[in-house]
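Q: Here is how the chains run, residue by residue.
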Amino acid sequence: MALTTDALIRLTAAEMAAKLRTGEITSVELTQAHLDRIAAVDDTIHAFLHVAADEALETAASVDALRAAGGAEAESLHPLAGVPIAIKDLIVTKGQPTTAGSKMLKGWMSPYDATVVEKVRAARMPILGKTNLDEFAMGSSTEHSAYGPTRNPWDITRIPGGSGGGSAAAVAAFEAPLALGTDTGGSIRQPGAVTGTVGTKPTYGGVSRYGAIAMASSLDQIGPVARTVEDAALLHEVIAGYDKKDSTSLSETEYPEGKIPTFSSAASTKTAAGLRIGVIKQLQGEGYQSGVLARFHEALDQLRQAGAEIVEVDCPSFDYALGAYYLIMPSEASSNLARYDGVRYGTRVVPEEGPLTIERVMGATRAAGFGEEVKRRIILGTYALSAGYYDAYYGSAQKIRTLIQQDFDAAFEQADVLISPTSPTVAFPLWEKLDDPLAMYLNDIATIPANLAGIPGISVPGGLSEGLPVGIQFLAPAKEDARVYHAAGALEQLLNDTYDAPLWAQIPALEEVTR
Amino acid sequence: MSEISRADVEHLATLAHIAMTDAELEKMTSELGVIVDSVKRVQEAAGEDVPPTSHPLPLTNVFREDTVGHVFTAEEALASAPDSQDSRFKVPAILSEGDDAVPSGAPQEEGER
Numbered sequence: 001m002a003l004t005t006d007a008l009i010r011l012t013a014a015e016m017a018a019k020l021r022t023g024e025i026t027s028v029e030l031t032q033a034h035l036d037r038i039a040a041v042d043d044t045i046h047a048f049l050h051v052a053a054d055e056a057l058e059t060a061a062s063v064d065a066l067r068a069a070g071g072a073e074a075e076s077l078h079p080l081a082g083v084p085i086a087i088k089d090l091i092v093t094k095g096q097p098t099t100a101g102s103k104m105l106k107g108w109m110s111p112y113d114a115t116v117v118e119k120v121r122a123a124r125m126p127i128l129g130k131t132n133l134d135e136f137a138m139g140s141s142t143e144h145s146a147y148g149p150t151r152n153p154w155d156i157t158r159i160p161g162g163s164g165g166g167s168a169a170a171v172a173a174f175e176a177p178l179a180l181g182t183d184t185g186g187s188i189r190q191p192g193a194v195t196g197t198v199g200t201k202p203t204y205g206g207v208s209r210y211g212a213i214a215m216a217s218s219l220d221q222i223g224p225v226a227r228t229v230e231d232a233a234l235l236h237e238v239i240a241g242y243d244k245k246d247s248t249s250l251s252e253t254e255y256p257e258g259k260i261p262t263f264s265s266a267a268s269t270k271t272a273a274g275l276r277i278g279v280i281k282q283l284q285g286e287g288y289q290s291g292v293l294a295r296f297h298e299a300l301d302q303l304r305q306a307g308a309e310i311v312e313v314d315c316p317s318f319d320y321a322l323g324a325y326y327l328i329m330p331s332e333a334s335s336n337l338a339r340y341d342g343v344r345y346g347t348r349v350v351p352e353e354g355p356l357t358i359e360r361v362m363g364a365t366r367a368a369g370f371g372e373e374v375k376r377r378i379i380l381g382t383y384a385l386s387a388g389y390y391d392a393y394y395g396s397a398q399k400i401r402t403l404i405q406q407d408f409d410a411a412f413e414q415a416d417v418l419i420s421p422t423s424p425t426v427a428f429p430l431w432e433k434l435d436d437p438l439a440m441y442l443n444d445i446a447t448i449p450a451n452l453a454g455i456p457g458i459s460v461p462g463g464l465s466e467g468l469p470v471g472i473q474f475l476a477p478a479k480e481d482a483r484v485y486h487a488a489g490a491l492e493q494l495l496n497d498t499y500d501a502p503l504w505a506q507i508p509a510l511e512e513v514t515r
Numbered sequence: 001m002s003e004i005s006r007a008d009v010e011h012l013a014t015l016a017h018i019a020m021t022d023a024e025l026e027k028m029t030s031e032l033g034v035i036v037d038s039v040k041r042v043q044e045a046a047g048e049d050v051p052p053t054s055h056p057l058p059l060t061n062v063f064r065e066d067t068v069g070h071v072f073t074a075e076e077a078l079a080s081a082p083d084s085q086d087s088r089f090k091v092p093a094i095l096s097e098g099d100d101a102v103p104s105g106a107p108q109e110e111g112e113r
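Chains A and B, in that order, give the protein sequences. Just so you know, the first sequence maps onto residues 1 to 515 in UniProt numbering. Just so you know, the second sequence maps onto residues 1 to 113 in UniProt numbering.
No wet-lab data here; the hints were simulated from the structure. A couple of the hints might just be wrong.
[Stated by the list, open to error] 30 Å max Cα-Cα, derived DSSO-like pairs, lysine-lysine: (1) Lys245/A - Lys90/B; (2) Lys119/A - Lys19/A; (3) Lys244/A - Lys40/B.
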């Protein structure tokens, strides 16, 4: 019996892939189902900045043709071939515009593909389009997009998290089964938490950053967004690996390729027995909503009952992580964003009066092209790096980074993985925190330490509070990405058993909410 | 209170090449003050003996063979440029009035605010 469009889009990526392989469904059918869904709900959600229907269907048709022809080429298709995907608009794509959510790059066409996009194309996954984000990935709510905010599919009056709110909302609203995001301080994990989806920040250097528009180069990392832990692991396997075009990419000797296929097998282990899980003392309590903490403690109880050993770990330097992050990130961003000078690509704005010098054109271009949060961070970074303040601010922040790494090292002596709530709150109403930068920055308090230390982290749904998703975060030592999939897969299974269904099955029907 | 003045922000905006209106400067001065006051706590914990970390994982220099790889054609490189002429980026005047005495490439004084 043929599956309805509605049933098709609610399958997991792994299920879609299996049905494509057996020929039960075609990729054109599957891709069209998602394009129909986008057409039906994206006026409301606004997860996409660009939809590439023709290109996606063309890729889908090529997969179907290869499968129909059979033989060696069909055999050698990637397991996810034909499963559609959305790409965060911070990642460059040839043939589709890339804006970074900024007016500065309005209409810009990259002359090349990011390495992760090349890999997605090589796997023949149809690219549905580009997803919305806070401008240049700076924000925790997607409200800082120059093209308007994305809305949370659980409650369209609320934020979908950020910066990758578009990718998370697209996956939560069944507009795409998979998406790519980037995580500099939590931009994959925090949107995952507040939209009830799964998002992974891989080990720094484990996935090529070539073609990810740079914000803070020592922190930025591309990673997968999905509805299940297994799906996230499968996509992570597509994009992982050494890339000679990214000189911060981990080489074969540093991160053996043999470790990559272990992500999805770790996700399928689905047992917490024997796992030593460290509860980070500093990432709970004050500032965390009681409903978030209630779900967090239930998760701990479930894991304990399933045979995990729960220990408490002390990471005193985490109290300074947010401060260190908001010195290091703007410093690196102020330098990275200097490239938007109105000369080589992007917007150029010419001042209406006065002499036409490059300095004045640059000033006018950057004044008009950048939004408020981007300007704030550039100015803050310029300040932190300026002579006389460098040691006190940037220098001190780099020392905190060392202390945080030492705290993690000590914690991982006691535990295989660490656990915390992903975000201190559930999704908050749109515009609530927009005029209070410090309140906005606090959203990332639990996700930032992993970026400062370069270690992998995942957010997995942990149930609801006030009808809104709560995320649970697992962290593992660098290059042990498989461990976060193991732990998150185990918790996902425990909660599915408890609630008798995956969390995302409870999402309100958007048609009812919006029409 | 914060040590950041409006004049500081004006100078920083000039360094960052962002033209700002008076209202923007006012707002940025107060916001920056609040943010800096909150992040400067990092100094408390950053002892003399703690080595700084600039990068999460140890890095070594990366070398490659000096061979020609993929290069963009002039057309591809200029396709998204705001202005171009004769296969080149077209740039507004790079010398403003009074700068003529400064030899190109020479360091300029920053203290003109």
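Q: None of the hints should be skipped; say for each whether it holds.
A: Evaluated hints:
The straight-line distance between the Cα atoms of Lys245/A and Lys90/B is roughly 29 Å, inside the 30 Å bound, and the hint therefore holds. As the CA atoms of Lys119/A and Lys19/A are separated by approximately 22 Å, the hinted pair is consistent with the 30 Å bound. Among the hinted pairs, Lys244/A with Lys40/B is inconsistent with the structure: their alpha-carbon atoms are about 38 Å apart, more than 30 Å.
When the structure is compared with the earlier hints, a violation turns up for hint 3 alone.
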